[in-house]
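Start from the sequences and build out the full structure, keeping to the hints where you can.
Quick note: the sequence shown uses this note's numbering, first residue 907, plus one each step.
It should be emphasised that the hints constitute simulated quantities derived from the structure, not laboratory data. Some clues are possibly wrong.
[What the hints assert, rightly or not] When the alpha-carbon atoms are kept at most 30 Å apart in a straight line, the in silico DSSO-like pairs for lysine-lysine are as follows: (1) K1262 - K1453; (2) K1088 - K1138; (3) K1225 - K1138.
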Amino acid sequence: MSQEHLEATDELLEEELVEEDPEVGIEDVKEPGADEGEEDEEDVDIGAEDVLLYNEDLPETRPNLIDPINAMLNTNLPGSVSSSRGSRIFAEQTYLTGKEEQDLRNAKAFLLTASTKTGENLYDHLCDVLTEIISERHIDAVDSFEDISKDIKKYRFQPIKDTLQDMADPSLEMALAKIETKLLVKIDDDLDEREEEVESPLPNVMETAFYFEQGGIGIGREELFRVWIAMKHLVDSNPVQQVRFWGKILGTEQNYYVVETEYREGDQAEEEEDDEGEPEVVEAPKEAAEEVEDEEAVMEERVPKIDYKPPPIIPKEEKGSGTNKKTYFVCNEPGKPWIRLPLVTPIQIVIARQIKKYFTGRLDAPIITYPPFPGNEMNYLRTQIARISAGTQASMMGFYQFDEEEEEEEEGEVRDTYIENIDFDGLTMRELCESLSNWVHHTLHILPQGRCKWFNATAKTEEEVEEDEEEEREEMEEPQPEIGPPLLTPLSEDISLSGIIPWTLSASSSIIPQYAVAVLQSNLWPGAYTFSTSRRFENIYIGWGHKAAAENYTPPLIPAPMDEYLDGPEVIEIDDPTPEQEAALRAEQQANAAAEEELEEEEEEEEEEA
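Next comes the structure, spelled out in structure tokens:
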């Protein structure tokens, strides 16, 4: 068949298809006489226009990588392809000359030059960009060409990986999540039966959080719910009678969640406490003691006595009374073990009033301050909790009352216990928000001595009294006992500190007052709040654990050094006398001696005459 005959046949087929469907091209024509489903695969020579058949009606599938230069180069090279869209046969059609073909090959070789930094080449990158534009059908591709190029470079980048790779450390959130999953373990059936027999002291923390949220106070429901579950584990593992979420103290590294508890009578947990300031005393043998006493007696003759006497050591209050009435547990995150804080001592409270130190969140962190604090951060935390509780825990007037029987038995002593008044009818919202006289302290005030009950440090035992009777000494004046405000004292009697008003009263809502709650805020201890409804109240503290001050904190001055010796003429240096002064002194001494001799002679003569 001649070339002219083939071309005529193709033109005729194309005209027939165009008449039936104008959108169909010559490449879509099937070979006459071919059965359905069969395709005539003939070796044809394709041109540049057959590189990509793109139509918006085609399914949105990503086409093969576009290679325009290869398509142009392959037009001059004889080859055979399989065509499913027609039966046209192209016989050695020539579109490029030999020089143009060589130029295209040189251009492609230049574009295929690999980068010295990434190893990629521009040719492949352009093919990727064009493929992305056509497959995704970007609108205004000319404007987004640079962005598409950047995205392809970004996703193509792969960092160099070593064979041995370091395992990534788990994030803090993942570590805490693993710890908190332990809180969600189901309780044993035996424990459920035990809870039915004994009423659980665990309070409804989420209900309390609802009231605090009305006043804009809280740490978030999710966080508080995790604390609530952790409190349940604490109650299940300790024989506590009362438990309460005291608050949250912020730290520079970690925070402290504080829970206030009170043990049942007779069920005190075995506590391993370090008695600070009370070192263990080991008795020495008698012979060694006598030798030491002899050496001390010799040393006393040579060394002058020191008149300085250190102040007496004030003992700490017993467990269950005063500043140690409650037991406190802390943890850094819900799910971590609860750590019981030690008892607080008076000297710790006295020093804590003179310093200001931020918490780190590590209980074993040292407290480096002046004056030096006797203990670490665990002791300092317990001290601040005692101070905050004594100054900020308040309740409604009439909610608590003293036990009349106990008052008669302990008449004249400081009362530190009270009972709930079952006849209390509650106060109205107006009464709670208008006057501080309707609010009272239900925690004992801490005296300047560092105790809630004053201790007479000069009191002596019977043995010391007997020794003093034998020895004659001057009687010392007894110190005046320190007296603080008693329990259930109204807040209206609190005094201002450097112009700072102690308390602020407000209502949670002025638009719907019938459903509002009263909010009491402490200005001396920022972060201490109390909410109250008609018959319900609760205290909470969320802050840094510092007391407010009108002026910036200034550490106390170092005391003046003590005198090493007493000033007197024996130790005062004077100038040496001149020769003239020495001669005058000798003459005066001789004259005095002569006068004394004359007097003695006269006395002797008078005696003889008599």
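Okay, which hints does this one fail, numbers in order? Checked against the structure, no hint fails, so every one of them is satisfied.
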